[in-house]
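**Student:** Sequence:
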Amino acid sequence: MSEFSILEMDQGNNSHGKIEIAPEVIEVIAGIAASEVEGVTGMRGNFATGVVERLGKKNHGKGVKVELTESGIIIDVYCLMKFGISIPAVAGKIQENIRQALLNMTALDPEEVNIHIVGVQFETQKQEPVVEEEV
Numbered sequence: 001m002s003e004f005s006i007l008e009m010d011q012g013n014n015s016h017g018k019i020e021i022a023p024e025v026i027e028v029i030a031g032i033a034a035s036e037v038e039g040v041t042g043m044r045g046n047f048a049t050g051v052v053e054r055l056g057k058k059n060h061g062k063g064v065k066v067e068l069t070e071s072g073i074i075i076d077v078y079c080l081m082k083f084g085i086s087i088p089a090v091a092g093k094i095q096e097n098i099r100q101a102l103l104n105m106t107a108l109d110p111e112e113v114n115i116h117i118v119g120v121q122f123e124t125q126k127q128e129p130v131v132e133e134e135v
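Numbering (UniProt numbering), first residue to last: 1 to 135.
Hints should not be assumed to be uniformly reliable.
To be verified - Restraint ranges, calculated between C-beta atoms of paired labels, are given here: (1) Glu67 with Met105: 12 to 20 Å; (2) Ser71 with Glu20: 13 to 21 Å; (3) Thr41 with Asn114: 13 to 21 Å.
To be clear, the hints were calculated from the coordinates, so they are not data collected in a lab. Note that the Cβ used here is the ideal one computed from N, Cα and C, for glycine as well.
Please construct the entire structure, taking both the sequences and the accompanying hints into account.
**Tutor:** Structure (structure tokens):
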């Protein structure tokens, strides 16, 4: 299976020039579309993305891997879910949201959108400090 580095768009009879979309652009679109879905608490990144985010730069492609093959675009999304939600329902919404975002922004329809749940986030309750009254 060969991997391509740039995706060329088919424009039909348009003679203005060619349009190329880098896989990083697809990663960013898919990452933002996935994080917009209710129930997704975060995306999985690696150590380097964590360090870069602490320095103030947001990585919107975090947790997304795009593979351009001869058969089409394969997207793998690695995310964290909120505890108590229906994982199959939210995963389906993520797939649909990514497909719609890519169709609207690039006119591309991915071959596969694979969702990998890598963790569950529990809601942490903020405990108010206990103030003892003097008697």
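**Student:** Please list, smallest to largest, the hint numbers that this structure does not respect.
**Tutor:** Every hint satisfied by this model.
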